[in-house]
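Mind docking chain C on chain B? Use the hints.
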Amino acid sequence: MKKPKLEKQIRQDFRLLVPDQPPKVVLSDYFPEVEVVKKTRLKIQLVRYFVGAMAVLVIAIGFFIAKFYPGLISTTTAGIVTTEPHGTTSTDSNTQTDSTTITSRYENPVTSLNATEYASGIITASKLFLNLYPTSANALSLDIPVANLLVDDYVDLMANYLNVMELAVGHDSPYVTLIENSDRSEYQYCLVTSGVNLTGEIENYRLYYTVTNATDSEVEMIGIMIWGSAETKFTGKMETEANEQKLMITSYDESNPENYIETELELETNEQEYSIRVYTNSILTIDSMVEIEIESSESKITVSVMTSEDEFDFVIKKEIENNEAETSIEYSIISGLSTESGAVIVELRQDDESGKYYYYFQVTTGDIEKEFFIDRLLPDDVSQENQYMSFFL
Amino acid sequence: MADYRHLIKRIQQQDDTAFESLYHQTRYSVYAIIYAITQNPHDTEDLMQETYMRMLKSLNQYDGKANFKTWLLSIAKNLAIDHYRKQKRIQVVDIQEQESIFPSQTPNQYSLYESRKYLSILSIEERTVVLLKTIDRMKHHEIAELLKKPLGTIMWVYNNAIKKMRAYGKEESK
Chain B
198 MKKPKLEKQI RQDFRLLVPD QPPKVVLSDY FPEVEVVKKT RLKIQLVRYF VGAMAVLVIA
258 IGFFIAKFYP GLISTTTAGI VTTEPHGTTS TDSNTQTDST TITSRYENPV TSLNATEYAS
318 GIITASKLFL NLYPTSANAL SLDIPVANLL VDDYVDLMAN YLNVMELAVG HDSPYVTLIE
378 NSDRSEYQYC LVTSGVNLTG EIENYRLYYT VTNATDSEVE MIGIMIWGSA ETKFTGKMET
438 EANEQKLMIT SYDESNPENY IETELELETN EQEYSIRVYT NSILTIDSMV EIEIESSESK
498 ITVSVMTSED EFDFVIKKEI ENNEAETSIE YSIISGLSTE SGAVIVELRQ DDESGKYYYY
558 FQVTTGDIEK EFFIDRLLPD DVSQENQYMS FFL
Chain C
4 MADYRHLIKR IQQQDDTAFE SLYHQTRYSV YAIIYAITQN PHDTEDLMQE TYMRMLKSLN
64 QYDGKANFKT WLLSIAKNLA IDHYRKQKRI QVVDIQEQES IFPSQTPNQY SLYESRKYLS
124 ILSIEERTVV LLKTIDRMKH HEIAELLKKP LGTIMWVYNN AIKKMRAYGK EESK
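Residue numbers (my numbering), protein chains in the order written: chain B, 198 to 590; chain C, 4 to 177.
Don't take each hint at face value.
Dumping the calculated PhoX-like pairs for lysine-lysine here, alpha-carbon to alpha-carbon at most 20 angstroms [to be verified]: (1) LYS142/C with LYS166/C; (2) LYS120/C with LYS205/B; (3) LYS12/C with LYS202/B.
Keep in mind the hints are simulated off the structure, nothing from the lab.
Just chain B, same shape as in the assembly:
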């Protein structure tokens, strides 16, 4: 009996044995009193940082739901329309109720606790997750008779992550966060975040929230996020230690709490890790993780996604040796009972006629080699310092 078959057989057989329903219990016998959350003194600075991060993380979740699970949260609708331009000017305020504008820069995301740094990171993550599933690949000239490789369906997806990698390394991305008085009596505060997405569209979100607990190292809150006509409820918590920050959000549908999304962001020096887990009817349907490490000689983005049908891992690497940069992708894909792994050489090339840049992928799997030419989403701007394309320069 071969290994995959044996594993599958055990899984199928034993899953049938596990009872579907939990034991019948009366929870009030175990928890006679509902715990009342104590309101503590607000630590204004920490809270302010937190809400900025919270806003964009919820945005990420919102995007995610709208893209992949339009029916998961009942009020979710896709599409964001706003007329407000984004700004980059910064004013400061000492009180929670005044307007406070924070300007986002993606330069050094971890060294200090700063909501806008979180914001950039989380927006980056949302882009990653937006591109979670493969579309169609753009295989063009093939020197070898077409072989039906699994990677064919994933090349566009790899390219999307590559876009994000470029963005993470080199792009200066402004997002504006504004804290206002709440116009909804059930929540203490209102936070408005606006920014520009990868394709240049302006996005705008409102977050109503109440802080339920705030100490020097922890902030907890509950609230709703509104984008367009959609509303999503959430609970969130941020923990801060010496060199680590962790932000967790659970976003859920109040009418059906079995549908929810857990999002986790962990920041350490030079490392960011995002996890998004989607539960549908309490069943984990997507478990995904993205880790970004940016160092002087090597930058790496690791993507790992597991669904009930597929599992794939990409490691996109940029290594610098003798002042020369080399970009590559290692991949592993499991789809049904098929497994494939291989390596991809990546180059940024310029079209002679149009002058536009595109990605060139050379995929090698076993004896098979394939070439792909894929459009790049980011603008071709090499003229300014710290702008797009620095990843390849």
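The following block gives chain C in isolation, referenced to the frame of chain B:
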């Protein structure tokens, strides 16, 4: 690993659906841990129920420092070991003897009999790792974190277990 704080909070607020959610997210692991020790589906089912009731009883004492799933599985494991000891005998599960219980009438029953037979040749540790990996689709590093063992050990144990079962399968088919 999943964050269960949201569910725990709701359970403490007497939300039944949260308890059901928690059960659905953890049941395969709990079953795997218990079955690895008892090797008896009926006992495993009983001990599963007891595990969740014990968990509810102790939930207010759970301080959140340890990973919740690790904590829950430690309850399951302790109950299974207690049960095992109470039997005051080594549970030798003779799958051959149980063949009449699974008389090959349907493919599923026969398949289950086969699966149990393969698992019965493994040690408790091997069985635990194999069941967590297969039933709950856990990754090696998650199992390592859960069982507090080095990743390399878990990978070695798993591969060794698979090899053992395959070798056993070849012997059987001769």
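A quick look at each hint next to the structure:
1. LYS142/C with LYS166/C: holds, 18 angstroms
2. LYS120/C with LYS205/B: holds, 15 angstroms
3. LYS12/C with LYS202/B: Violated, because 40 angstroms separates the two Cα atoms, which is more than 20 angstroms.
Comparing the model with each earlier hint shows a violation of hint 3 alone; every other hint is respected.
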